[in-house]
Amino acid sequence: KQEVTQIPAALSVPEGENLVLNCSFTDSAIYNLQWFRQDPGKGLTSLLLIQSSQREQTSGRLNASLDKSSGRSTLYIAASQPGDSATYLCAMLGSWGKLQFGAGTQVVVTP
Amino acid sequence: GAVVSQHPSRVICKSGTSVKIECRSLDFQATTMFWYRQFPKQSLMLMATSNEGSKATYEQGVEKDKFLINHASLTLSTLTVTSAHPEDSSFYICSASFLRLRGAPSYEQYFGPGTRLTVT
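Chain order of the listed sequences is P and A.
All letters in the first sequence, in the order written, are residues 121 to 231 by the working numbering.
All letters in the second sequence, in the order written, are residues 52 to 171 by the working numbering.
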């Protein structure tokens with residue numbers, strides 16, 4: 121069974137610093153990996169999707185990498201802003217479109 | 052595109068009553084819909100997978116007689132929490148999936164905004 125771990129569980133940084141969020145998984149047989157953002161009491165917003173054949177995806181200040189051999193993905197957020205405060209979830213897409221989620225990293229960016 | 056709606060967004064009900072939550076894919080036909088629940092400060096836990104016209108597949112530990120799922124069409128799935136109890140209070144999120152063939156084939160999932168259920 122796929123195990124997805126996110127470290128750290130919580131992170132607080134001053135505005136302007138770069139954020140590095142880590143996600144590790146045990147089974148490299150994945151179709152793709154997604155990073156989501158969740159604001160308190162809200163649903164999920166998809167940030168980046170990396171196909172299993174890709175090594176990274178970029179969107180604006182966000183960059184996500186995927187290393188299947190080591191079972192790791194990293195989400196970088198450059199020049200953090202208070203509006204980036206949220207919980208960030210990574211998820212692996214396995215068979216039949218099932219997503220396996222990590223527990224998330226709660227991020228606070230202080231002004 | 053790829054918008055998923057849920058209704059209601061928030062519901063309060065009394066213990067022992069049943070509550071129905073709707074999940075709709077607004078601008079695409081979903082091959083599969085998924086139902087998740089999320090407790091405070093925890094991640095999403097998959098409850099069941101639903102394909103149009105067939106019975107839902109429930110994850111281990113999820114009571115199928117308590118959480119009834121109906122998938123009437125390619126754009127609508129409903130979750131009914133029967134005889135709700137306070138421990139059923141949670142955030143329920145649905146997602147809809149389709150197979151994207153552009154580029155490398157990939158199942159992509161789009162999430163609804165969630166339904167906050169409170170059972171008193």
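It cannot be assumed that every hint is accurate.
To be verified - Negatives, chain A to chain P, calculated, CB over 12 angstroms:
{"no.": "1", "residue": "Gln57"}
{"no.": "2", "residue": "Ser66"}
{"no.": "3", "residue": "Gly67"}
{"no.": "4", "residue": "Val70"}
{"no.": "5", "residue": "Lys71"}
{"no.": "6", "residue": "Asp78"}
{"no.": "7", "residue": "Leu97"}
{"no.": "8", "residue": "Lys117"}
{"no.": "9", "residue": "Thr129"}
{"no.": "10", "residue": "Glu138"}
{"no.": "11", "residue": "Arg167"}
Unchecked claim - Below, in silico cross-link-like pairs of lysine-lysine (BS3-like), each with a Cα-Cα straight-line distance of 27 angstroms or less:
{"no.": "12", "chain 1": "A", "residue 1": "Lys106", "chain 2": "P", "residue 2": "Lys188"}
{"no.": "13", "chain 1": "P", "residue 1": "Lys162", "chain 2": "A", "residue 2": "Lys92"}
{"no.": "14", "chain 1": "P", "residue 1": "Lys121", "chain 2": "A", "residue 2": "Lys71"}
{"no.": "15", "chain 1": "A", "residue 1": "Lys106", "chain 2": "P", "residue 2": "Lys218"}
{"no.": "16", "chain 1": "P", "residue 1": "Lys188", "chain 2": "A", "residue 2": "Lys65"}
{"no.": "17", "chain 1": "A", "residue 1": "Lys65", "chain 2": "P", "residue 2": "Lys218"}
{"no.": "18", "chain 1": "P", "residue 1": "Lys218", "chain 2": "A", "residue 2": "Lys117"}
These are calculated hints, taken from the structure and not from any lab test.
None of the values given here were measured: they were computed from a predicted structure.
All C-beta atoms, glycine included, are put in the ideal place defined by N, C-alpha and C.
For each hint, the structure was consulted:
1. Not every beta carbon of chain P lies more than 12 angstroms from that of Gln57(A), the smallest distance being close to 8 angstroms; the non-interface claim is violated.
2. The beta carbon of Ser66(A) sits about 23 angstroms from the closest Cβ of chain P, which is more than 12 angstroms, so the claim that it is off the interface holds.
3. A cut-off of 12 angstroms between C-beta atoms confirms that Gly67(A) is not in contact with chain P; the least separation is 26 angstroms.
4. Interface exclusion of Val70(A) from chain P stands, the closest Cβ pair being 18 angstroms apart, more than 12 angstroms.
5. The claim that Lys71(A) lies off the interface holds: its Cβ sits roughly 19 angstroms from the closest Cβ of chain P, which is beyond the 12 angstroms cut-off.
6. Distance to chain P confirms Asp78(A) as a non-interface residue, since its nearest Cβ pair spans about 16 angstroms, more than 12 angstroms.
7. The non-interface label for Leu97(A) is inconsistent with chain P: the shortest C-beta to C-beta separation is roughly 7 angstroms, within 12 angstroms.
8. Lys117(A), annotated as away from the interface, keeps every beta carbon of chain P farther than 12 angstroms; the closest lies near 21 angstroms.
9. Remark: the non-interface label on Thr129(A) is consistent with the geometry, its nearest Cβ contact in chain P lying 17 angstroms away (cut-off 12 angstroms).
10. Non-interface status of Glu138(A) relative to chain P is upheld: no Cβ of that chain comes within 12 angstroms, the nearest being about 20 angstroms off.
11. At roughly 7 angstroms from the closest C-beta of chain P, the C-beta of Arg167(A) falls inside 12 angstroms, breaking its exclusion from the interface.
12. In summary, the hint linking Lys106(A) to Lys188(P) is not supported, as the alpha carbons are separated by about 34 angstroms, beyond the 27 angstroms threshold.
13. In summary, the hint linking Lys162(P) to Lys92(A) is supported, as the alpha carbons are separated by about 12 angstroms, within the 27 angstroms threshold.
14. Taking the CA atoms of Lys121(P) and Lys71(A), the gap is about 31 angstroms. The hint is violated against a cut of 27 angstroms.
15. For the hint pairing Lys106(A) with Lys218(P), the CA-to-CA distance comes to about 16 angstroms; that is within 27 angstroms, so the pair holds.
16. For the proposed pair Lys188(P) and Lys65(A), the alpha carbon gap of about 47 angstroms is over 27 angstroms, so the pair is violated.
17. Of the supplied pair hints, the one linking Lys65(A) and Lys218(P) is violated, its CA atoms being roughly 33 angstroms apart against a limit of 27 angstroms.
18. With a C-alpha separation of about 22 angstroms, the suggested pairing of Lys218(P) with Lys117(A) holds against the 27 angstroms cut-off.
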